[in-house]
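Asker: Each chain is listed here by its residues.
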Amino acid sequence: MPSNRTSVISPQKHPHVSSSELLAFLAGKRFLLDELPFPPELIQSHYEHGYLSYQEGIVRTEHGYQCMRCGNRQVHLFASFMCARCGKMCTYCRQCIAMGRVSECTPLVISAFPIESTVYEQPLVWNGALSKGQRQAAEAVTRAIENNEEWLVWAVCGAGKTEVLFPGINRALELGKRVCIATPRTDVVLELAPRLQQAFPSVPVIALYGGSEDRSKQAPLVIATTHQLLRFYRAFDTMIIDEVDAFPYSVEPMLQYATEQARRETASLIYLTATPHQSWQQEIKRGRRKAITIPARYHGYPLPIPSFEWCGNWRKKVKRGTLPANVYAWIRKRIQTGKQAFLFVPHIELLQRVVSILKPFDHRIEGVHAEDDERKEKVRAFRKGEIPLLVTTTILERGVTVPNIDVAVLGAEDDIFTEGALVQIAGRVGRSAHYPNGDIRFFHYGKTRAMVQARRQIIRMNKEATERGLLKSP
Amino acid sequence: MSEYCLLCHRRYAQRMSWRHLLMLKQTDVLCHECRCSFVLIAGDLCECCGRPFDRVDESYRQGELCIDCVRWKHDSTWSGVLTKNRSVYVYDAFMKEVIARWKFRGDYALVEAFRTDMCREFFRHFPRNSILVPIPLSSARLYERGFNQAKALAELLGLPILDALERFDSAKQSKKSRHERLETDRVFHLRSDVSLPAGASFVLIDDIYTTGTTVHHAAKVLRHAGAVDISSFTLARS
Ligand SMILES: [Zn+2]
Ligand SMILES: [Zn+2]
Ligand SMILES: [Zn+2]
Ligand SMILES: [Zn+2]
Numbered sequence: 001m002p003s004n005r006t007s008v009i010s011p012q013k014h015p016h017v018s019s020s021e022l023l024a025f026l027a028g029k030r031f032l033l034d035e036l037p038f039p040p041e042l043i044q045s046h047y048e049h050g051y052l053s054y055q056e057g058i059v060r061t062e063h064g065y066q067c068m069r070c071g072n073r074q075v076h077l078f079a080s081f082m083c084a085r086c087g088k089m090c091t092y093c094r095q096c097i098a099m100g101r102v103s104e105c106t107p108l109v110i111s112a113f114p115i116e117s118t119v120y121e122q123p124l125v126w127n128g129a130l131s132k133g134q135r136q137a138a139e140a141v142t143r144a145i146e147n148n149e150e151w152l153v154w155a156v157c158g159a160g161k162t163e164v165l166f167p168g169i170n171r172a173l174e175l176g177k178r179v180c181i182a183t184p185r186t187d188v189v190l191e192l193a194p195r196l197q198q199a200f201p202s203v204p205v206i207a208l209y210g211g212s213e214d215r216s217k218q219a220p221l222v223i224a225t226t227h228q229l230l231r232f233y234r235a236f237d238t239m240i241i242d243e244v245d246a247f248p249y250s251v252e253p254m255l256q257y258a259t260e261q262a263r264r265e266t267a268s269l270i271y272l273t274a275t276p277h278q279s280w281q282q283e284i285k286r287g288r289r290k291a292i293t294i295p296a297r298y299h300g301y302p303l304p305i306p307s308f309e310w311c312g313n314w315r316k317k318v319k320r321g322t323l324p325a326n327v328y329a330w331i332r333k334r335i336q337t338g339k340q341a342f343l344f345v346p347h348i349e350l351l352q353r354v355v356s357i358l359k360p361f362d363h364r365i366e367g368v369h370a371e372d373d374e375r376k377e378k379v380r381a382f383r384k385g386e387i388p389l390l391v392t393t394t395i396l397e398r399g400v401t402v403p404n405i406d407v408a409v410l411g412a413e414d415d416i417f418t419e420g421a422l423v424q425i426a427g428r429v430g431r432s433a434h435y436p437n438g439d440i441r442f443f444h445y446g447k448t449r450a451m452v453q454a455r456r457q458i459i460r461m462n463k464e465a466t467e468r469g470l471l472k473s474p
Numbered sequence: 001m002s003e004y005c006l007l008c009h010r011r012y013a014q015r016m017s018w019r020h021l022l023m024l025k026q027t028d029v030l031c032h033e034c035r036c037s038f039v040l041i042a043g044d045l046c047e048c049c050g051r052p053f054d055r056v057d058e059s060y061r062q063g064e065l066c067i068d069c070v071r072w073k074h075d076s077t078w079s080g081v082l083t084k085n086r087s088v089y090v091y092d093a094f095m096k097e098v099i100a101r102w103k104f105r106g107d108y109a110l111v112e113a114f115r116t117d118m119c120r121e122f123f124r125h126f127p128r129n130s131i132l133v134p135i136p137l138s139s140a141r142l143y144e145r146g147f148n149q150a151k152a153l154a155e156l157l158g159l160p161i162l163d164a165l166e167r168f169d170s171a172k173q174s175k176k177s178r179h180e181r182l183e184t185d186r187v188f189h190l191r192s193d194v195s196l197p198a199g200a201s202f203v204l205i206d207d208i209y210t211t212g213t214t215v216h217h218a219a220k221v222l223r224h225a226g227a228v229d230i231s232s233f234t235l236a237r238s
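As given, the protein sequences belong to chains P and U, one line each in that order.
Under this note's numbering, residue 474 is the last one in the first sequence; the count climbs by one each step, no gaps.
Under this note's numbering, residue 238 is the last one in the second sequence; the count climbs by one each step, no gaps.
If you are wondering where the hints come from, they were derived from the structure by calculation, not from laboratory data.
Incorrect hints may have been included.
[To be verified] Calculated pairs, DSBU-like style, for lysine-lysine (alpha carbon to alpha carbon, straight line, at most 30 Å):
id	chain 1	residue 1	chain 2	residue 2
1	U	Lys-96	P	Lys-88
2	P	Lys-447	P	Lys-339
3	U	Lys-151	P	Lys-88
4	U	Lys-220	U	Lys-96
5	U	Lys-220	U	Lys-151
6	P	Lys-333	P	Lys-378
7	U	Lys-84	U	Lys-73
8	P	Lys-359	P	Lys-319
9	U	Lys-96	P	Lys-376
[Said to hold, decoys possible] Listed next, the stretches of chain U that the computed footprint assigns to chain P, with coverage defined by at least 3 CB atoms under 8 Å from CB atoms of chain P:
id	region
10	98-108
11	138-145
For every residue, glycine included, the Cβ atom is placed at its ideal position computed from N, Cα and C.
Hey, can you work out the whole structure from these sequences and the hints?
Answerer: Listed below in structure tokens is the structure:
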């Protein structure tokens, strides 16, 4: 049963304040003055009593400005105008403008009281079982949460990383800690929220993404996209960053800032990833970053290993309206045997060319890319088996899992195929326990470091899984 | 040379040609993709309001006028109040989004994306000795937004701006008697400290032309104050 815990400085000591709707609205959040749906006199009187405080929205720095809401420091993302409010040239942040304008004359408002926390007794209701690898990682996560530490969970594609979090979240809630899971994509928020609510039925869970309705609410368990995180301030004791490598590069500094602002200074920080950047891998190797790996998939079969195949100047061939012979052969074999496959290509323009080359071969072949309006329909049709071969760009590499497929990359040497992207692409194959194998072929016009490192990473994970006894005995 | 696109914030390579260098032409603040998403109004237009005929059904047309303008012309209260309207861009889904970000979200800097097209189109349709009259906001709106979008557009053109109009305060308006209200049942009034130069051509500036009601109301106030030639120019029109 939930019970309230009193903090050191508490609104309870100010009886007329404890009932304040304004302070409840501000709890763990930071808003622009305009965003507060309360009369100005009420806000002012709270301010005069010291119940809330104002922060500058835009701060001058040595080289320019910083936005205190989103952390932006990039010169080209600031602009000034003759402001009718302050009567001066007024600088504002263009990076977070979608959430309302932060300018030099618009303060950010925060509550003077720390957010209250609720203690739950054994809130986790879940009958599933963890694999041995998951269990070891779950223990590390739980300890990190108890001790307010920073940890990285490096889990191979198909390891089942969500469940790994359950015991840790359970422990956090038992300790009255507020938990936030941040993720780059709205579809992950939508997929995760019901699973968390089911596992923690007595705990209010809110899902925040662009256009979601839960926006003004508070809960001890929050799952949010990066932008939504920007409204929080000193709200969480446990921050979990899911798919940390999947955040677009341009969003990274903002995510880092949002994470720093949204968590309490002492909060634990858990990173989840299948493909950490090289710099993090080095830090782990040198013991400078605390990390635990889950090198085995949930089903206990080893990861299928990609093979490389030289295919000559394929770009020239594509321009002429054909494909390299070995690529053709690979596709033909899949279609003849009725095994579904993904064919990854580096760019959208190439995708359209390749699809038109393959259409006469089998008219059911389709192409799909990130901004495709029919993306959902095509993925659904592929899952149903109506499309034998789906040509796609790297964007689809995450999230889409289909039981029994093969995967090929055309032009694996392209810069867009980083080590992480290639590991993710390989990670689409063999996800089901019924079909743990499959062919992964990197067709290339010159082997790259990224290709070699991706392959090496997969082999290393299999080796570690064997050594730790995490694989099914053959 | 590479810059950040004012709209999508992506880095892009500016298209530099000899023409750009020789004529010291301004380089675009938008990337090619964003620029191509703006649709200029062109082709056969309603003589009066500048509506593009190829975007509406044939039944909307009566000779050189659209049926809305025919209606304005037949209404004795409004007939002849507005000489003509011209607009720069088609108010499509893309434009709607851009204007929303600029005006409602308050991303003032986007006004620069309109500069070149605004200037070129304005001088195609209106004389250089025009006096610009931006459509005003109420004081509450102005405070909320921090800037008047119509004024920001007018400032792009480099011509004299006359802040001749003011919006009636809707709060004060509701306190008036019914008779007073009917008397002043208008949106704008002339500012008390303003007198209009005689014989000048006035061009009202606004962001969007929808039905033309706003500019007609504004034009009527100027006409009462003695202006003869009053037109309007807007960033977009539906
Ligand atoms: Zn900002
Ligand atoms: Zn200001
Ligand atoms: Zn752009
Ligand atoms: Zn017309």
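Asker: Is Lys-333/P within 30 Å of Lys-378/P, Cα to Cα?
Answerer: 22 Å, holds
Asker: Tell me whether the statement that chain P covers the region 98-108 of chain U is true, taking a Cβ distance below 8 Å and needing three residues at minimum.
Answerer: holds (count 5)
Asker: Can the restraint linking Lys-96/U and Lys-376/P be considered satisfied, given a maximum Cα separation of 30 Å?
Answerer: 26 Å, holds
Asker: With the threshold set at 30 Å, check whether the alpha-carbon distance from Lys-151/U to Lys-88/P stays at or below it.
Answerer: Holds, at about 16 Å.
Asker: Compare the distance between the alpha carbons of Lys-220/U and Lys-151/U with 30 Å, and conclude whether the hinted pair is satisfied.
Answerer: 19 Å, holds
Asker: Against the 30 Å threshold, does the CA-CA distance of Lys-359/P and Lys-319/P hold or violate the hint?
Answerer: Distance of about 16 Å is within 30 Å: holds.
Asker: Does Lys-339/P lie within 30 Å of Lys-447/P when you go C-alpha to C-alpha?
Answerer: 27 Å, holds
Asker: Is Lys-96/U close enough to Lys-88/P, meaning Cα to Cα at most 30 Å?
Answerer: Between Lys-96/U and Lys-88/P the Cα gap is close to 29 Å, so the pair holds against 30 Å.
Asker: Between Lys-84/U and Lys-73/U, does the CA-CA distance stay at or below 30 Å?
Answerer: 12 Å, holds
Asker: Can the region 138-145 of chain U be counted as covered by chain P under the rule of three residues or more with Cβ-Cβ separation shorter than 8 Å?
Answerer: holds (count 4)
Asker: Just to be careful, I want the Cα atoms of Lys-220/U and Lys-96/U compared with a cutoff of 30 Å; is the pair within it?
Answerer: 28 Å, holds
Consistency note: the structure conflicts with none of the earlier hints.
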